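Number of protein chains: 2
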Amino acid sequence: MVEEEGWVKLRIILVGFGVVGQNLVKLLLSRADDIYLRYGMKPRLVATVDSKGVAVSQSGLDLQRLLEVKRFYGTVAAYHKDVQGCESADIDGENYGRCMVKEVIREIDAEVLVEATPTNLNDGEPGLSNITTAIKHGRNVVTVNKGPLALAMPSLLELAEYNGVMLRFSGTVGGGTPILEFAKHCLRGDRILSFKGILNGTTNYILSMMEDGLTFDEALNDARSKGYAEADPSLDIDGFDAAAKLVIMANWIMGMKVTMRDVRFKGIRDVRLEDILEAKKHGKVIKLIASCDESRRLKVEPMGIDKNEPLCVNGTLNAVTFTSEHSGELTVIGKGAGGMETASAILRDLIEVREAMSMGIGLNRS
Amino acid sequence: MVEEEGWVKLRIILVGFGVVGQNLVKLLLSRADDIYLRYGMKPRLVATVDSKGVAVSQSGLDLQRLLEVKRFYGTVAAYHKDVQGCESADIDGENYGRCMVKEVIREIDAEVLVEATPTNLNDGEPGLSNITTAIKHGRNVVTVNKGPLALAMPSLLELAEYNGVMLRFSGTVGGGTPILEFAKHCLRGDRILSFKGILNGTTNYILSMMEDGLTFDEALNDARSKGYAEADPSLDIDGFDAAAKLVIMANWIMGMKVTMRDVRFKGIRDVRLEDILEAKKHGKVIKLIASCDESRRLKVEPMGIDKNEPLCVNGTLNAVTFTSEHSGELTVIGKGAGGMETASAILRDLIEVREAMSMGIGLNRS
Numbered sequence: 001m002v003e004e005e006g007w008v009k010l011r012i013i014l015v016g017f018g019v020v021g022q023n024l025v026k027l028l029l030s031r032a033d034d035i036y037l038r039y040g041m042k043p044r045l046v047a048t049v050d051s052k053g054v055a056v057s058q059s060g061l062d063l064q065r066l067l068e069v070k071r072f073y074g075t076v077a078a079y080h081k082d083v084q085g086c087e088s089a090d091i092d093g094e095n096y097g098r099c100m101v102k103e104v105i106r107e108i109d110a111e112v113l114v115e116a117t118p119t120n121l122n123d124g125e126p127g128l129s130n131i132t133t134a135i136k137h138g139r140n141v142v143t144v145n146k147g148p149l150a151l152a153m154p155s156l157l158e159l160a161e162y163n164g165v166m167l168r169f170s171g172t173v174g175g176g177t178p179i180l181e182f183a184k185h186c187l188r189g190d191r192i193l194s195f196k197g198i199l200n201g202t203t204n205y206i207l208s209m210m211e212d213g214l215t216f217d218e219a220l221n222d223a224r225s226k227g228y229a230e231a232d233p234s235l236d237i238d239g240f241d242a243a244a245k246l247v248i249m250a251n252w253i254m255g256m257k258v259t260m261r262d263v264r265f266k267g268i269r270d271v272r273l274e275d276i277l278e279a280k281k282h283g284k285v286i287k288l289i290a291s292c293d294e295s296r297r298l299k300v301e302p303m304g305i306d307k308n309e310p311l312c313v314n315g316t317l318n319a320v321t322f323t324s325e326h327s328g329e330l331t332v333i334g335k336g337a338g339g340m341e342t343a344s345a346i347l348r349d350l351i352e353v354r355e356a357m358s359m360g361i362g363l364n365r366s
Numbered sequence: 001m002v003e004e005e006g007w008v009k010l011r012i013i014l015v016g017f018g019v020v021g022q023n024l025v026k027l028l029l030s031r032a033d034d035i036y037l038r039y040g041m042k043p044r045l046v047a048t049v050d051s052k053g054v055a056v057s058q059s060g061l062d063l064q065r066l067l068e069v070k071r072f073y074g075t076v077a078a079y080h081k082d083v084q085g086c087e088s089a090d091i092d093g094e095n096y097g098r099c100m101v102k103e104v105i106r107e108i109d110a111e112v113l114v115e116a117t118p119t120n121l122n123d124g125e126p127g128l129s130n131i132t133t134a135i136k137h138g139r140n141v142v143t144v145n146k147g148p149l150a151l152a153m154p155s156l157l158e159l160a161e162y163n164g165v166m167l168r169f170s171g172t173v174g175g176g177t178p179i180l181e182f183a184k185h186c187l188r189g190d191r192i193l194s195f196k197g198i199l200n201g202t203t204n205y206i207l208s209m210m211e212d213g214l215t216f217d218e219a220l221n222d223a224r225s226k227g228y229a230e231a232d233p234s235l236d237i238d239g240f241d242a243a244a245k246l247v248i249m250a251n252w253i254m255g256m257k258v259t260m261r262d263v264r265f266k267g268i269r270d271v272r273l274e275d276i277l278e279a280k281k282h283g284k285v286i287k288l289i290a291s292c293d294e295s296r297r298l299k300v301e302p303m304g305i306d307k308n309e310p311l312c313v314n315g316t317l318n319a320v321t322f323t324s325e326h327s328g329e330l331t332v333i334g335k336g337a338g339g340m341e342t343a344s345a346i347l348r349d350l351i352e353v354r355e356a357m358s359m360g361i362g363l364n365r366s
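So the protein lines, in turn, are chains A and B.
The opening position of the first sequence corresponds to residue 1 in our numbering, with each subsequent residue numbered one higher.
The opening position of the second sequence corresponds to residue 1 in our numbering, with each subsequent residue numbered one higher.
Quick list of in silico lysine-lysine cross-link-like pairs, PhoX-like style, CA-CA up to 25 Å:
| hint | chain 1 | residue 1 | chain 2 | residue 2 |
| --- | --- | --- | --- | --- |
| 1 | B | K284 | A | K281 |
| 2 | B | K266 | B | K281 |
| 3 | B | K280 | A | K280 |
| 4 | A | K184 | B | K42 |
| 5 | A | K335 | B | K284 |
| 6 | B | K9 | B | K26 |
| 7 | A | K284 | B | K284 |
| 8 | A | K42 | B | K184 |
| 9 | A | K284 | B | K280 |
| 10 | B | K299 | B | K284 |
| 11 | A | K281 | B | K307 |
| 12 | A | K299 | A | K266 |
| 13 | A | K81 | A | K26 |
| 14 | A | K280 | B | K281 |
| 15 | A | K52 | A | K102 |
| 16 | A | K257 | A | K184 |
| 17 | A | K335 | A | K299 |
| 18 | B | K284 | A | K280 |
| 19 | B | K9 | B | K136 |
| 20 | A | K9 | A | K136 |
| 21 | A | K284 | B | K281 |
To give an idea of the interface, some chain B residues facing chain A are shown, with a C-beta separation under 8 Å as derived from the structure:
| hint | residue |
| --- | --- |
| 22 | E181 |
| 23 | L187 |
| 24 | N308 |
| 25 | P310 |
| 26 | N314 |
| 27 | H326 |
| 28 | S327 |
| 29 | G328 |
| 30 | E329 |
| 31 | V332 |
| 32 | G334 |
| 33 | S344 |
| 34 | L347 |
No wet-lab data here; the hints were simulated from the structure.
Everything numeric in this text was worked out from a predicted model, so none of it was measured.
Note that beta-carbon positions come from the ideal geometry of N, C-alpha and C, so glycine has one too.
Excised from the complex, chain A in its bound form:
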């Protein structure tokens, strides 16, 4: 156990400093005393990497300064422009700013990598390389990046196990809503036979707007104007995002060994206003449903569901209904995204990693 003044060290390398990364730093700042009081944990950010550079301090970055530097200069690399509060003796920030992320992950002493780079469902990069590098160097990994998991979750879990470290990913499904935890920890003794869920808030918002009479294009534009949809909304609209989350749930909750290739999926691009009105006549609402049935077939597709089902939520909400052997149908509903929400999921994972470390797990550092 790596103890220091009675508490377990938790040194973090944060790669990706967008909305989620910055909210994590805000959370660590505002909750520092409380986190120590409740969980005996003093997380210390020793390196932060964004697309333009790196900020490093083995004794812990000044979080307030890090946020300010990012806001004023657009990159954490500027942290080292003024050496105040940072170790310049053994680590040259300017040099780190130019060196590769992989080198930071390999060379900076840390217990955990927090991976928060954008999701890429083509080849999973740069997240995939970041995660495998960290694991191979004996670091625990907390990721909110769906790409690497969607494409290679079975092998990543195996790699983590082989290297004696933890790989956690609460924030990849449901944002701050603890959907994975609920299924994995709250139903022990029972067995989940199947599940179905609304896993993508953007498409759910669009379908909810169409329910109110907008056409697909009008609803998409409305979602764009509210910031719910990207300039290229294909990840959401065509079901990729929901399929990636389904893969993560299938591996983690059902113990399956699957990737995106094992999901049959279809988005909402072809859903017409007429389909929605027709469904309405029968008390149904069309939703983009990701499902794992009793035969463990994985599907994402628009489906009519009963409007009185607990699963039938509107707006950007996410919802999952699990069918269990003994307790029947259980539904969890919450916001599916959001910077602070997702950051709180990272904190949850960090607490789990820290507790495992205090029991001697996940300490296999090289």
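Assemble the complex: chain A is given as a structure, and chain B must be docked to it using the hints.
Using the frame of chain A, we list chain B on its own:
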């Protein structure tokens, strides 16, 4: 650690052998291999007590026989009428059948008491005496009986802590729906600021029927005919049951030290069809809501809630919405009752007790 052939012993005294108790035995029978495989646990029922007598076997009761005896003779005491399969040398079943429950709890060697006698909100008996006797004799307790907790939860938790044993009660709120676990384990790192819920299925069924146009009396009769309401439905109708569950949630989730006396509650007896129709005009539905607000005031009362809120479930469903500091509103929905559902909650608690025991907690047996 009490080890035997490599596994941790888990000897159970079951007091109360009604629907829930019998379903627990069915569950232990049907899932024995799976429970051992997944949790390394071989629970052994060493004594079962019902209102008419006791069945005892220190080497473990024959579960199939126990169920049959109960079905044919109406009491487990008949288990000892035929000594086949039971130890008659050191324990005389007929004698046990006549002796007090407290003596069984004190004298039979066991790690856990499962308390499943009916809820009594006047003085908590016989559950309260059973639980305190067990705790004082160093036995862990798993209870599905709300009475003792509603009336004395703070002191019972203290007593358990003082005696180094565990007191668990998953099945008291939400039946098989893991509402307490969700709040306690899935939101670590975040903070629950307040919550509100539909905690009583019977009143929710009655209000749902009134929504469809029945009067209160018609709806109550309908609930009776379906077996949802007791002959004396006061526990449900007047809000006692929901208040008891609210007390348990407040103590366990919010760390409050409260009993029934601290809840302001009102049932649904005075809800008129007109109130429901008037609410409907404004897109609202009247539900019996149990709540703990940000100032930690505890209330149970009929309230109009928005029909599109995730909390707004129909029929006998239960639902709770938690408001968290970082992750927003999170809702859990499921069946709130049922013999097998509640038995699965007991199994969940037994697994937790067993795991704590294997780490040296809850082993403080005299």
